[in-house]
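Starting from the structure of chain A, add chain B where the hints point.
There are 2 protein chains.
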Amino acid sequence: MTVEGLSINLATVRKQWNMAEAAEACLRHGITAIAPWRDQVEAIGLKEAARIVADNGFQVTGLCRGGMFPAGDPEARAAAIDDNKRAIDEACALNADCLVLVVGGLPAGSKDIGAARNMVADGIAAILPHARACNMPLAIEPLHPMYAADRASVNTLSQALDICDALGDGIGVAIDVYHVWWDPQLHEQIARAGAGNRILAHHICDWLVPTHDLLLDRGMMGDGVIDLGAIRASIERAGYHGAQEVEIFSAENWWKRSGDEVLATCVERYRAHH
Amino acid sequence: MTVEGLSINLATVRKQWNMAEAAEACLRHGITAIAPWRDQVEAIGLKEAARIVADNGFQVTGLCRGGMFPAGDPEARAAAIDDNKRAIDEACALNADCLVLVVGGLPAGSKDIGAARNMVADGIAAILPHARACNMPLAIEPLHPMYAADRASVNTLSQALDICDALGDGIGVAIDVYHVWWDPQLHEQIARAGAGNRILAHHICDWLVPTHDLLLDRGMMGDGVIDLGAIRASIERAGYHGAQEVEIFSAENWWKRSGDEVLATCVERYRAHH
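Line order of the protein sequences matches chains A and B.
According to our numbering, the first sequence is numbered sequentially starting from 1.
According to our numbering, the second sequence is numbered sequentially starting from 275.
Pulled out of the complex, with its shape left as it was, chain A reads as follows:
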């Protein structure tokens, strides 16, 4: 029986399975939507990954990830733009709903977050024509402020939507509850995103108290403090009724369990909390 509206970001089971194994396991659990990472695609080959998607009729709710635009020298920034264009092509080959962008933090040695943010906007502007030509939406994922230095200098929905507004169509946002749940402007910015048809993805997990690691201690839905129901209600009010994609990095817990236990828990908790 298909679990309607649930997608699994394959990072959630990256320690247990490769993409082919994970996809097969998802089908066993009635999950027909997935979101792979580029390294997972590369490990089995783009052609084989695309075949798995096509043959099984998977919805690919996103390819993770493009981005990482800021760099200290122009050559490195140009290389990042080239790499992002390849990521767009891969997302097309996989028939993904969007290419997720983790935009990048500060260049090594820099303390100028304003300059990094400008590099992000410039980088996205540089790849947007290619994305539009391929009809591949770009989804800016604002990351939690604790990643501002090393992963993404776009840290709020407001900021991401300002970039979208400046650049026009073909671009929107991926709303991951882990990154945005604390934002005092959350619900008004979700409404703004919906009004502009900018919501391209909705990622779920939970914020644990305490959190033991800045990157690899995300919680399963229901184990933390995020009001998933309230956020989903806002997102649906804003007009987005697409899949909820579970994305959990959990070095000490979920990555150590069997993949089947993880997927069964994702299904159970999704049903309880969506």
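Because the hints were derived from the structure by calculation, they are not lab data.
Quick caveat, the model's predicted, so the values are computed rather than measured.
Errors might be hidden in some of the hints.
[What the hints assert, rightly or not] Where chain A lies over chain B, by a calculated footprint (3+ residues, C-beta under 8 Å):
1) 385-398
2) 416-422
3) 427-438
4) 453-461
5) 477-484
6) 491-501
Cβ atoms here follow ideal geometry from the backbone N, Cα and C, with glycine treated the same way.
Chain B in isolation, oriented as in the chain A frame:
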């Protein structure tokens, strides 16, 4: 020789010294401004703490901390308000420039951050008359969003200033670079704070890359990615020329070094980066 404009938040050397020892050490290093925590005051007694301050002419740039308003039941919220009134009295006894408020996160078991934020505003409103009667400014310290669940649901300067605007005079903000450096609205909100005469304290340290612990891995000025000079310039443009208070929680590094080494480094880095 006095180090003008430098204050030491005594949490920075809390593992090495009690308040009396720390104060004496500060004088050795030419530091004439300090900010103790309530537990440090309590450990030597309020009377003795006040004597140390008065006899040595210390500036007390803040007492840490009041706050922690949200709670699941009304009795606990009332107890928090009583405790905050005692904190105001202690701040007065120490002739502190302000009482710093770490407002509190979610009540146990709650996922309703909006309700927690309302409890914060209500709690501050309840203690403000006492603070005004004592002429003791209250400084809301917005904490980094990674503390939204367990320490403070006020996570941006904008949010703190909205509370100030709603409540009137006798209240302002403590601007700690660690908590706000990532904020896309940082410089405009500093200007707003200055225009309203709301800047009561300026705390400094640095954001390390990588950061190994959410709470106890703050860096010494210059060891991380925060543009301290740019933030200070904004704060001075906004009309605040008061002390910069070093506040570093560092379980694995600075708390393990000799207190004299820590203070000497604070002086050196303050001179290099202010």
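Inset, instruction - Check each numbered hint from earlier against the structure, then list the numbers of those it violates in ascending order. - result: none
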